Structures are given as structure tokens and as C-alpha cells.
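Visitor: Protein sequence lines, in the order shown, are assigned to chains E and Z. Per my numbering, the very first residue in the first sequence carries number 1; after that it's consecutive. Per my numbering, the very first residue in the second sequence carries number 1; after that it's consecutive.
Simulated from the structure, these hints should not be mistaken for lab results. From a predicted model like this one, the values you see are computed outputs, not experimental measurements. Cβ coordinates follow ideal geometry from the N, Cα and C atoms, glycine included. One should not assume that every hint holds.
Now the stretches of chain Z that chain E is said to cover, found in silico as 3 or more residues with beta-carbon under 8 Å [as the list claims (entries may be wrong)]:
{"#": "1", "segment": "28 to 37"}
{"#": "2", "segment": "46 to 60"}
{"#": "3", "segment": "80 to 92"}
{"#": "4", "segment": "106 to 112"}
If you want the building blocks of each chain, they are given just below.
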Amino acid sequence: DAKTTQPTSMDCAEGRAANLPCNHSTISGNEYVYWYRQIHSQGPQYIIHGLKNNETNEMASLIITEDRKSSTLILPHATLRDTAVYYCIVRVEYGNKLVFGAGTILRVKS
Amino acid sequence: NAGVTQTPKFQVLKTGQSMTLQCAQDMNHEYMSWYRQDPGMGLRLIHYSVGAGITDQGEVPNGYNVSRSTTEDFPLRLLSAAPSQTSVYFCASYGGALGNTEAFFGQGTRLTVV
């Protein structure tokens, strides 16, 4: 299974862009990068995913490097409600398991 | 559309008791998983299923049993509860296409074993 590495925690000022990095240097060619977040012990919530192209939806943007060894999740205008643990996950191929790492604690401050 | 429903939301067990955590989804997803989350930690995969009748072990399967007799339901059984199983348990479901579907999570079952 491809592993991911994320910073333990990050701070961001309210209204500014939050850029959350993720390293996945062992990703395989057909594995996708997924981002989820977990707010205050609720069930995790899907944010966005991508294979090789940059992606954008109403919540965030995902930038994947050309070699696919790393990616960045961008929350364009962070609010206090974006304070959460953000998980970067590479979707494994066999069995379609979904395995979480430790994630990044994002604290948005006013 | 209810999504993923977990019951109960809270449970207190005595050591040695057994119980079943229920998980049901109404999205016709092929894949379902159970996770546990200890305080201040990330989610760890207990068991997962890739379809009715097919289950496999995750990272921390010991002390838990699962079965998948229908697409909709994926119950998690604790045969003899131990204090180390005190945790929040999450169930997830997702579709069948390789890599290209989002997972939906229940709101969790908070289990305390005394």
C-alpha cells in the first residue's frame, strides 16, 4: 500500500488560503489521491480526489505534482469551521481498502 | 436518503459481555468497512467487505468478527468485550469502481467497556 506523509499540525489565519501538503512517493500509476476531513470526532467527510490532473470543487482544490509523488490540498478562504483533522489517503488497489494515516490538524484562527 | 446509519450511538459494556454494532447503508455500495478511533488518534481499519459474502481483515481485527449477508448491512461483533476496546467505532461504505468513488461514514458508536 502506498503510504502518505503529512505534517502533524498547521495553523492558518481566517480568510486566508490553507495549503495542506501530502507526500506519497510510492504511489502507483492507477492509485488516486483522496482527501477527507474529520471535524470534532464526527465521521470523516470526503473533500476531493484526483489521479493526475488538478481538481477543484466547491470545497477545495487539489494540486498534484507532475511526478505524482506529492499533492497539496488548498482551502481558498479558510473559516473557523474548517478547523479539523485532514487526511490524505492513497487508495489501495487490492480489495479497495481505505486506510487512514495520522492526518494534519488544521487550526484556523481569527 | 439516510446514507450510513450506525446503531447504537452510545453503549457501555461490562468486561466479557458481547454485543453487535449495527451498520446499514442504503446507497447500494459494494464496499463497507469498520474503523476504530481511540482518543487523539487516527482511524484504524478493523475489517472490511468487498461485497456480500466477502470479508477481510484490516489493521486491528483481533477481538472482532464481521459478516456480510446482504449488501446493505455489515454488523461488527464483539464476542468478549475488553477495556482495550473502549473506542469510537465508525462504519463506512463506498461504491465499486476502482478508486473513483467517495466513502460515506456513519456518525459513530461510542463504546465504553468497564
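Visitor: Each of the hints needs a verdict: does it hold here or not?
Guide: Do the hints match the structure? See the list:
no.: 1; hint: 28 to 37; result: holds (count 4)
no.: 2; hint: 46 to 60; result: holds (count 5)
no.: 3; hint: 80 to 92; result: holds (count 3)
no.: 4; hint: 106 to 112; result: holds (count 3)
Of the hints listed earlier, there is not a single one the structure fails to meet.
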